[in-house]
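There are 2 protein chains.
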Amino acid sequence: MNFIRKIVKPHSKEDEVFYYELKQLLSFSPKKINYYKKAFTHKSLKLVDEKGTPVNYERLEFLGDAMLGSIIASYLYKKVPTGTEGYLTQMRSKIVSREHLNELGRDLNLLKFVKRNSADKNIGDNIYGNVFEALIGAIYLDKGYNYAKKFVYEKVIVPYVDIAKLEGKVTSYKGLIIEWCQKQKKDYLFDTYEDSGNENIKHFSVRISIDGEFVAKGRATSKKKAEEQAAKRVFFTLQDQIKSS
Amino acid sequence: MNFIRKIVKPHSKEDEVFYYELKQLLSFSPKKINYYKKAFTHKSLKLVDEKGTPVNYERLEFLGDAMLGSIIASYLYKKVPTGTEGYLTQMRSKIVSREHLNELGRDLNLLKFVKRNSADKNIGDNIYGNVFEALIGAIYLDKGYNYAKKFVYEKVIVPYVDIAKLEGKVTSYKGLIIEWCQKQKKDYLFDTYEDSGNENIKHFSVRISIDGEFVAKGRATSKKKAEEQAAKRVFFTLQDQIKSS
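If you read the protein sequences in the order shown, they are chains F and V. Going by my numbering, the first residue of the first sequence is number 1, and it counts up by one from there. Going by my numbering, the first residue of the second sequence is number 1001, and it counts up by one from there.
One chain only, chain F, in its complex shape (with noise of 0.2 Å):
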């Protein structure tokens, strides 16, 4: 087991902290490495193999678009078995919107990667996106399509996708909450402050307490996404009286 774990570890020092931060991204150990290193090489680095065949991320995003696209389809499939085609197909738009896309590829870090050209300054937002999709690519040339799926769930499905809210049954577990604190004369507070840790990118975090008790805590990107993230949870948590209210 030792034996075969060394021959697909990485050689260079370089190699070695791709391979560690790329391990703790995935939550599984890559096998090969070189697809994920093309699913962070942008088109501006205008690298081509002994063919002359361009090596970027794009040929991998088209392959983790379709991955994605048929995860997604599968997931609510069974998730809500009875809504039609035609809300099936509309939820998974919402599910893989660019700009949902992005959001994720924002929220993972992923630019820090990215191999790109520095002078080349039009990366545009949708890098993302794009490269979140390259990743399932990768994942799935790696080690199969369970893997892929299981990315997808633990990544995008369990944080993010969130049925009654894509159908607009709840536009803000936020305003839900107070709304219903207020309902209930509770006292609410939203604890909100930076806590950006060591990562390069700013972080909020946000502590909720009803009458005087901690609930639950929610972390993002923006002051907006990690408040929600902890008023759905909060939501979850009191869910059986919030209801039944």
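If you are wondering where the hints come from, they were derived from the structure by calculation, not from laboratory data. Be careful, since some hints might not be right.
Residues on chain F that point at chain V, a partial pick, calculated with CB under 10 Å [unchecked claim]:
#	residue
1	Glu58
2	Thr84
3	Ala119
Okay, the calculated bits of chain V under chain F, using three or more residues with CB under 8 Å as the criterion [unchecked claim]:
#	region
4	1034–1044
5	1080–1088
6	1236–1242
Cβ atoms here follow ideal geometry from the backbone N, Cα and C, with glycine treated the same way.
Assemble the complex: chain F is given as a structure, and chain V must be docked to it using the hints.
Leaving out everything else, chain V in the frame of chain F:
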């Protein structure tokens, strides 16, 4: 083993016929037959489940469409390592076009499985492609991604996907073979005849001989398709000679 097989075997006579015909179509043993029944249920029957949700193939079609898209994406990614993202996207669109999928559904004779209200005359041509997609969705739910992939490879990619033709490099194998024979001063014969066998859809067979010697045959639902299929086989049989000429 026998014990387990007995459990999954169908109960009624009708189920038994369905099971064996389905097994022949799939080239593997289905486990949960209800998925396939749903894949072949047209909405004109107006079936609903105990919760009032319509039971027909439309949700499975949504799922199968997504699975097919990802399987074709993965095939093209590996098959054409020099193809750009734009090229891959375009090729995939051609492969999964409604026209192409309808052709497939028709060739697999899927309509014989479909349960529908016969008073509803308006089923439309797309039913072939739609049912084909729904079937892929059912395979995915019943046996997982790799079975769906294997089915698509065997039933779509091997018999139908021809990159050279999709790229427009070869528009007709029949034309290509005839042209080559004329240049090489060879006699050629396309022997085409109706050959429906026991099937209720008209079929044609073609036998191609060159210089009096049989080379390849084809069989399909139209004369033109059967000829193309046979000519393509001639091309691959004689490609060394044809390419060096």
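Hint check results:
1. Of the supplied interface hints, the one on Glu58 of chain F holds, with its beta-carbon coming within about 4 Å of a beta-carbon of chain V, less than 10 Å.
2. Taking 10 Å as the C-beta contact cut-off toward chain V, the hint placing Thr84 of chain F at the interface holds, the least distance being around 7 Å.
3. A distance limit of 10 Å between C-beta atoms decides the matter here; for Ala119 of chain F the minimum to chain V is near 23 Å, and the interface restraint is violated.
4. A stretch counts as covered by a chain when three or more of its residues have a beta carbon under 8 Å from one of that chain; for the region 1034–1044 of chain V and chain F the count is 0, and the coverage is violated.
5. Counting residues of the region 1080–1088 of chain V whose CB lies closer than 8 Å to any CB of chain F gives 6, which reaches the minimum of 3, so the coverage claim holds.
6. For the region 1236–1242 of chain V, the stated coverage by chain F is not satisfied: 0 residues place a CB nearer than 8 Å to a CB of that chain, which falls below the threshold of 3.
Of the numbered hints listed earlier, those contradicted by the structure are 3, 4 and 6.
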